[in-house]
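K.L.:
If you want the building blocks of each chain, they are given just below.
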Amino acid sequence: MSDTFILDGEEIPFEPGQTLIEAAKAAGKYIPHLCWHPDFVAHGSCKLCTVKVNGRFVSGCTAQAAPGQNVENRTPELDDKRRTLLQLLFVEGNHFCPSCEKSGNCALQATAYELGMLTPHFDHFYPDRPVDASHTDVLLDFNRCIMCELCVRASRDVDGKNVFALSGRGIDSHLIVNSASGRLGDTDFAASDRAAKVCPVGVILKKRVGFAKPIGARDYDARPISQHVKESR
Amino acid sequence: MSFELETADINPENLRRVAIDPVSRVEGHGKVTLLLDENNQVHQVRLHIVEFRGFERFIQGRPYWEVPVMVQRLCGICPVSHHLAASKAMDIVVGAAQLTPTAEKMRRLMHYGQILQSHALHFFHLSSPDLLFGFDSDVAKRNIVGIAAQYPEIAKKGILLRKFGQEVIRITAGKRVHGTGSIPGGVNKSLSKDERTELLKDAYTMVAWSREAVNIIKQLHQQNPALYDTFGAFRSSFMSLVAADGSLDLYHGALRARDADGKILFDQMDYQNYDQVITEEVKPWSYMKFPFFTALGPEAGWYKVGPLARVQNCDNIPTPLAEYERREFVAYAGGKPSHATLGYHWARMIEMLFAAETIKDLLHDDDLEGTDLVLSGERQKEGVGVIEAPRGTLFHHYRVGDNDLVTMANLIVSTTNNNQAMNTAVREVAKKYLNGREITEGLLNHIEVAIRAFDPCLSCATHALGQMPLEVSLIDAEGGVISRVSKDSDGLRRLT
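Read top to bottom, the protein sequences are chains A and B.
Quick note on numbering: the first sequence equals residues 1 to 233 in my numbering.
Quick note on numbering: the second sequence equals residues 1 to 496 in my numbering.
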């Protein structure tokens, strides 16, 4: 019999070595997240998965589950902080959902809906981030990057190509392409790479297929993102 | 060059300025300024478009497949028209000038849903208060709420006609406003049997109600021809798309233009070459461009588009009830083109009937349930898409680089095509109704009635960032002009 911890008043079983988010997902419980993906080493950077364990804030994607933990997850206090984090992500980039082909399939947008984000609240930065269309099959629209580094991890750890990296510090941090020219077209990146399919927002896009999925059939049209976690366990 | 009443013939500092700001019951924001002397003689009338959108510029650098969705944000009233015009241009870019039957019919259904809802909105919500109550009736009643109180059946049918059109759009495009149904080379969905059944349930009622709407406006014309035939009337050329056989087709065709007497100026002109026949002029007092037929020049080459142009430009309408009404319209005009500004309403309702009949016919077509949705062929660098939007001929022209990003966009929006026509109409009304009289709200509404007849969508029409002409005046405390500087597409110049 496995050990258990308490998540929002419910007993959740876990295996030794599982993180809180892994155990929650296995039990069909949604802890909001953006930079975490079950196929990659946890990163702990977006902080959306912040939960309270016995009254202390921790990242759910990096904290190990332990017997007897009392974990608060979907509380008004935590969701309020998550909403603020989302608002910061929205204003730091250029996220124009109405004309974005990722709309309806976008984890950032779906998480914002899940958490009831109604306005950006903060002033927009409107950063100048050019589009990289140099690759034959894949478009990079840096405007929407949230620096989750899933593409960095996928390209490095799965594809073995190291195509992407973060550069700059603090507020100047940004995603770059590892080539002398800085252009995707000058790398060995391929549309079949794992990194081409892992972006949770609309940065890495297969060319010429945008909007092929009609409204109503998109990932988050029928069910909110929290329900997807329950169905994919 | 300048038209009569476009620029005051005497020093404007000695004239009184009256502004209608904003023009109400139109889409978008515009204002009219009048300059009057002490005897209330009108010396200058201008319809200004005071908002600025700039889509032509910020589409540049975006991937071409995003454009049909992005450009819809031009407007919340006829986004489908922009969606489809851009899609048609991108069809050319992806080498799919000819679509699959399912894709073309889905788009047609979407478009005629748009025509139906927009025409119903304009006639019932925006214009019927003027037409049913009178131009200078009680302003508190002169709105859709007043119509609902006094003519509840008319108001109800108007609202439900619009709702049906929006349902057609929702089912074909995914949303009532700003859907994504049309993509370069085709569509992303077809109809299910249930969706067809749901729409067919009401389709025949919509035909019947559209017919009643034609009768309402027809009777108004027949009851008061002195007003309806002359109000804001002016002679001009006119243009629209027509099908290969010369019949009315609002989704696709070739350009046909006639002069004011109805003589053909050009016909079956492939719109891919529209820039060979149309030139756009900028003026320092408006964000909106002034297009004209190149061969005739700016003075004689301006024209009108929209329902009045289309119904008189085609040889026939391919649905029986609308064709019957078209013939009656033509007979009423005495076999010559009608240039009555209020005739726009009558022609618009004939088109609404045509749209309702077309939707009904399309819904019986099994191709709508097909699964062959998208085609592509040899990639092109440039494409033009033209459609007859509710307000008139709509041009979308794009160039796309080898990297799939848009490098150039040019939009000639329906309302832009009607720019000079609307200015002329309001000047005609100002001359006839305002000259020498004490200005009242009712009289000023006459100006708005003339503008409303064109159903202008002012927000759609202003996009040429970087070419915008601008004039700045420095005025001293006594109101005297110290200096004026103007900037136009040729650069900055000091006027005084």
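Hint data in this document are derived by calculation from the structure and do not stem from the laboratory.
Just so it is clear, CB atoms sit at the ideal spot from N, CA and C, and this is done for glycine as well.
Fair warning: there could be bad hints in the mix.
Restraint-style ranges between C-beta atoms, simulated for each label pair [to be verified]:
#	chain 1	residue 1	chain 2	residue 2	range
1	A	S179	B	T407	21 to 29 Å
2	A	R223	B	D267	52 to 60 Å
3	B	F266	A	G116	31 to 39 Å
4	B	D267	A	L118	51 to 59 Å
5	B	R57	A	D186	23 to 31 Å
6	A	D219	B	G95	55 to 63 Å
7	A	P98	B	V282	23 to 31 Å
8	A	Q227	B	T371	22 to 30 Å
9	B	D367	A	L118	38 to 46 Å
10	B	K381	A	D186	21 to 29 Å
11	A	G116	B	D37	35 to 43 Å
K.L.:
Is the hinted range of 31 to 39 Å satisfied by the C-beta distance from F266(B) to G116(A)?
P.N.:
violated (57 Å)
K.L.:
Range first: 23 to 31 Å. Now tell me if the beta carbons of R57(B) and D186(A) are that far apart.
P.N.:
holds (29 Å)
K.L.:
Would you say the C-beta atoms of Q227(A) and T371(B) sit inside 22 to 30 Å of each other?
P.N.:
Because 29 Å falls inside the window, the suggested range holds.
K.L.:
Given the range 52 to 60 Å, decide if the beta-carbon distance of R223(A) to D267(B) lies inside it.
P.N.:
holds (54 Å)
K.L.:
Please test the hint of 55 to 63 Å on the beta carbon pair from D219(A) and G95(B).
P.N.:
violated (30 Å)
K.L.:
Between S179(A) and T407(B), is the Cβ distance one that fits in 21 to 29 Å?
P.N.:
Between S179(A) and T407(B), where Cβ atoms are some 24 Å apart, the hint holds.
K.L.:
Taking the beta carbons of D267(B) and L118(A), is their distance inside 51 to 59 Å?
P.N.:
holds (53 Å)
K.L.:
Does the Cβ-Cβ separation between D367(B) and L118(A) fall within 38 to 46 Å?
P.N.:
About 42 Å separates the Cβ atoms of D367(B) and L118(A), which means 38 to 46 Å holds.
K.L.:
Do the Cβ positions of G116(A) and D37(B) conform to the proposed distance bound of 35 to 43 Å?
P.N.:
With a Cβ separation near 60 Å, G116(A) and D37(B) fall outside 35 to 43 Å, so the hint is violated.
K.L.:
21 to 29 Å was suggested as the range; check whether the CB atoms of K381(B) and D186(A) agree with it.
P.N.:
Holds, since K381(B) and D186(A) (Cβ atoms, about 23 Å apart) stay within the stated range.
K.L.:
Take a look at whether the Cβ-Cβ distance between P98(A) and V282(B) falls inside 23 to 31 Å.
P.N.:
holds (29 Å)
The earlier numbered hints that this structure contradicts are 3, 6, 11.
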